[in-house]
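Hey, can you work out the whole structure from these sequences and the hints?
Top to bottom, those sequences are chains A and B. Numbering (the numbering used here) for the first sequence: 1 to 356. Numbering (the numbering used here) for the second sequence: 1001 to 1356.
It should be emphasised that the hints constitute simulated quantities derived from the structure, not laboratory data. Do not take every clue at face value.
[Stated by the list, open to error] Taking lysine to aspartate or glutamate pairs in the EDC-like style, the calculated list, with each CA pair at most 16 Å apart, reads: (1) B:K1022 / A:D27; (2) A:K182 / A:D160; (3) A:K3 / B:D1027; (4) A:K252 / A:E16; (5) A:K22 / B:D1019; (6) B:K1022 / A:D19; (7) B:K1022 / A:E16; (8) A:K205 / A:E65; (9) B:K1211 / B:D1226; (10) B:K1313 / B:E1350; (11) A:K229 / A:E65; (12) B:K1131 / B:D1160; (13) B:K1003 / A:D27; (14) B:K1229 / B:E1053; (15) B:K1003 / B:E1339; (16) B:K1003 / A:D29; (17) A:K205 / A:D226; (18) A:K22 / B:E1016; (19) B:K1104 / B:D1116; (20) A:K228 / A:E53; (21) A:K3 / B:D1029; (22) A:K313 / A:E350; (23) A:K22 / B:D1027; (24) B:K1320 / B:D1306; (25) A:K122 / A:D97; (26) B:K1182 / B:D1162.
[As the list claims (entries may be wrong)] Examples of chain A residues lying across from chain B (beta carbon under 8 Å, computed): (27) A11; (28) K22; (29) P235.
Ideal Cβ positions, reconstructed from N, Cα and C, are used throughout, including at glycine.
Protein chains: 2
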Amino acid sequence: MSKYNFYAGPAILPQEALDQAKQAVIDFDNMGLSILEISHRSKNFVAVMDRAEALVRELYNVNDEYAILFLSGGASTQFFMAPMNLLNENETAGYLDTGTWASKAIKEAKAFGNIDVLASSKEENYCYYPKDYAVPNNLKYLHLTSNNTIYGTQLHVWPDTDVPLVCDMSSDIFSCEIPLEKFDLIYAGAQKNMGPAGVTLVIVKRGILDKVDRYIPTILRYSTHDEKKSMYNTPPVFPIYVSMLTMEWILKNGGVNDMYERNKAKANLLYNEIDRNTLFYNNINREDRSLMNVTFHMHNEGQLADFISFAEKRNCVGLKGHRSIGGLRASIYNAMSLEGVQALVDTMAEFEKQNA
Amino acid sequence: MSKYNFYAGPAILPQEALDQAKQAVIDFDNMGLSILEISHRSKNFVAVMDRAEALVRELYNVNDEYAILFLSGGASTQFFMAPMNLLNENETAGYLDTGTWASKAIKEAKAFGNIDVLASSKEENYCYYPKDYAVPNNLKYLHLTSNNTIYGTQLHVWPDTDVPLVCDMSSDIFSCEIPLEKFDLIYAGAQKNMGPAGVTLVIVKRGILDKVDRYIPTILRYSTHDEKKSMYNTPPVFPIYVSMLTMEWILKNGGVNDMYERNKAKANLLYNEIDRNTLFYNNINREDRSLMNVTFHMHNEGQLADFISFAEKRNCVGLKGHRSIGGLRASIYNAMSLEGVQALVDTMAEFEKQNA
Chain A
1 MSKYNFYAGP AILPQEALDQ AKQAVIDFDN MGLSILEISH RSKNFVAVMD
51 RAEALVRELY NVNDEYAILF LSGGASTQFF MAPMNLLNEN ETAGYLDTGT
101 WASKAIKEAK AFGNIDVLAS SKEENYCYYP KDYAVPNNLK YLHLTSNNTI
151 YGTQLHVWPD TDVPLVCDMS SDIFSCEIPL EKFDLIYAGA QKNMGPAGVT
201 LVIVKRGILD KVDRYIPTIL RYSTHDEKKS MYNTPPVFPI YVSMLTMEWI
251 LKNGGVNDMY ERNKAKANLL YNEIDRNTLF YNNINREDRS LMNVTFHMHN
301 EGQLADFISF AEKRNCVGLK GHRSIGGLRA SIYNAMSLEG VQALVDTMAE
351 FEKQNA
Chain B
1001 MSKYNFYAGP AILPQEALDQ AKQAVIDFDN MGLSILEISH RSKNFVAVMD
1051 RAEALVRELY NVNDEYAILF LSGGASTQFF MAPMNLLNEN ETAGYLDTGT
1101 WASKAIKEAK AFGNIDVLAS SKEENYCYYP KDYAVPNNLK YLHLTSNNTI
1151 YGTQLHVWPD TDVPLVCDMS SDIFSCEIPL EKFDLIYAGA QKNMGPAGVT
1201 LVIVKRGILD KVDRYIPTIL RYSTHDEKKS MYNTPPVFPI YVSMLTMEWI
1251 LKNGGVNDMY ERNKAKANLL YNEIDRNTLF YNNINREDRS LMNVTFHMHN
1301 EGQLADFISF AEKRNCVGLK GHRSIGGLRA SIYNAMSLEG VQALVDTMAE
1351 FEKQNA
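As structure tokens, this is what we get:
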């Protein structure tokens, strides 16, 4: 019996993508060679890169005004690379402090220009997504973290502003439709909804590149990777391939809009059980609850270890909350089935019967 | 019948490593989960990281004076990251210009301090490895590229100097023993001798870190990754895993010294055939010939395409020379068997019989 994988990331991937990835490790594209040992400039891998780019364009309806880049270094590299490429010393960017990763993005950006933190939910342990703030018109961009993996909050309404948005979508990329025209830059570490660890997606408006005054090392310039179609140097071949397979699966299953409908249904099922079950609670502002990472706690913390092991015996794994907040977290990314969430809900109800 | 893979990189990996990698894509460590979808902080993956570090230490006899880091971004990222971390504006580093990658390293370094190019073989199309140069004592470090993948030259005698060495070993890492104590920093993109694309090995002397004056973004500091054991953010999980498997294979097959003996035997076999065969020639200074990348040409260039397709029919693939110099290149990294080189040699002799 297969496991229901609730890890926060690296996270569950579609079985179909894993099956194809396994085959490619031994024989890719009937070449008689592993995808791990072919030239990234072979026509077979160039076709993978082209298809991966085309899939991003199709899933989010992205036109040629934007470059699609497959980089390495994770979102943590984008924390400094975005302001380094977009913000001059004397310019100001707005940031929202909505969690651990947002606050790291703020820290790195401060080296490159004026950083105006428009709102923060830190004082309330990031249990809500700030909405009550003004966006000054002079901002070069407004940086958002659309989903906060650790705390379990998510932005559900994009800010009403003409200031271009820069957004870390690492943990909710391809989980719903987005108003692309509002964005100058979107970035996402792959290892949640998009693929395995080792590749970072960047969608960036071409017209804003190469406008800052500072020197930027060649490989840290977005324009370098745009000109070379993400092949300035050897790209992370296998992570890109598995991301391509995962995006094919998303497309085949109805695209981001169908993902959103499924994600809502899964999240509703789980939050309803948390709210109903006498042993569990969620302390996130209701309208900001994440559809991706459902954080919850036990009224009696002494039952936590028992519940985790009870769930593991029922094949529900990866439920331990992030070490910084404790409790429980069920990550229910695109690839998690409704059946998997139902299994967790049944497990919670059964645990309640035995322990209430 | 399996292929003999002479690609320059991403390149041939041990079949044993590929078989284990395939299994891990479906079920890693009997967890019932793919290695692509487990937390990098799970004890199963932490064990992989620990083992990968231990293997580097064992293969090169590296003590705790040095940190072992598994980063992303390839050697091209190290081109700027090394001087950014090691060289102050007013200090001078020496560089040898021995090929395309060395010259890119020089270009990136110039933004961070004084760069003294001690010698260059560019005027002779990089057909030899410079040896006739003096090393000023005041250099912060001397940067070398130990093997030039494109041109087919290799450094076989380390310079006799007390200036600490910094070396790009991307294409000959783990192919022979090295005098570790001479180095402040060694870096290598994995995708030749060490593993698949997507991870970069860094071996750096701990005592030299955090001594420069400039601001460095958190994730670009070597010390960040040393403190967090290469887990500051999500590392490239699968490329690290396959690198670990490849290093296990190296160790099981006698370590770097046995690799060196095999590599010498393979290279001798192939260079002897090139020198003997009336259709082919090699124009690299004999004592600088690479044991990893054997570049060669045909006296009659009109026969090149025919030979490549003749070889492909005999399962010898990836022989086309780099686009910048043309001709042929057989990359015979650690994982290439003597049998594979013999197959190529037989193919060359047969082609000579039919076409001389």
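Now the hints, each set against the structure:
no.: 1; hint: B:K1022 / A:D27; verdict: 10 Å, holds
no.: 2; hint: A:K182 / A:D160; verdict: 10 Å, holds
no.: 3; hint: A:K3 / B:D1027; verdict: 11 Å, holds
no.: 4; hint: A:K252 / A:E16; verdict: 11 Å, holds
no.: 5; hint: A:K22 / B:D1019; verdict: 10 Å, holds
no.: 6; hint: B:K1022 / A:D19; verdict: 10 Å, holds
no.: 7; hint: B:K1022 / A:E16; verdict: 15 Å, holds
no.: 8; hint: A:K205 / A:E65; verdict: 6 Å, holds
no.: 9; hint: B:K1211 / B:D1226; verdict: 15 Å, holds
no.: 10; hint: B:K1313 / B:E1350; verdict: 12 Å, holds
no.: 11; hint: A:K229 / A:E65; verdict: 15 Å, holds
no.: 12; hint: B:K1131 / B:D1160; verdict: 10 Å, holds
no.: 13; hint: B:K1003 / A:D27; verdict: 11 Å, holds
no.: 14; hint: B:K1229 / B:E1053; verdict: 9 Å, holds
no.: 15; hint: B:K1003 / B:E1339; verdict: 11 Å, holds
no.: 16; hint: B:K1003 / A:D29; verdict: 14 Å, holds
no.: 17; hint: A:K205 / A:D226; verdict: 11 Å, holds
no.: 18; hint: A:K22 / B:E1016; verdict: 15 Å, holds
no.: 19; hint: B:K1104 / B:D1116; verdict: 14 Å, holds
no.: 20; hint: A:K228 / A:E53; verdict: 13 Å, holds
no.: 21; hint: A:K3 / B:D1029; verdict: 14 Å, holds
no.: 22; hint: A:K313 / A:E350; verdict: 12 Å, holds
no.: 23; hint: A:K22 / B:D1027; verdict: 10 Å, holds
no.: 24; hint: B:K1320 / B:D1306; verdict: 12 Å, holds
no.: 25; hint: A:K122 / A:D97; verdict: 7 Å, holds
no.: 26; hint: B:K1182 / B:D1162; verdict: 7 Å, holds
no.: 27; hint: A11; verdict: 6 Å, holds
no.: 28; hint: K22; verdict: 4 Å, holds
no.: 29; hint: P235; verdict: 7 Å, holds
Consistency note: the structure conflicts with none of the earlier hints.
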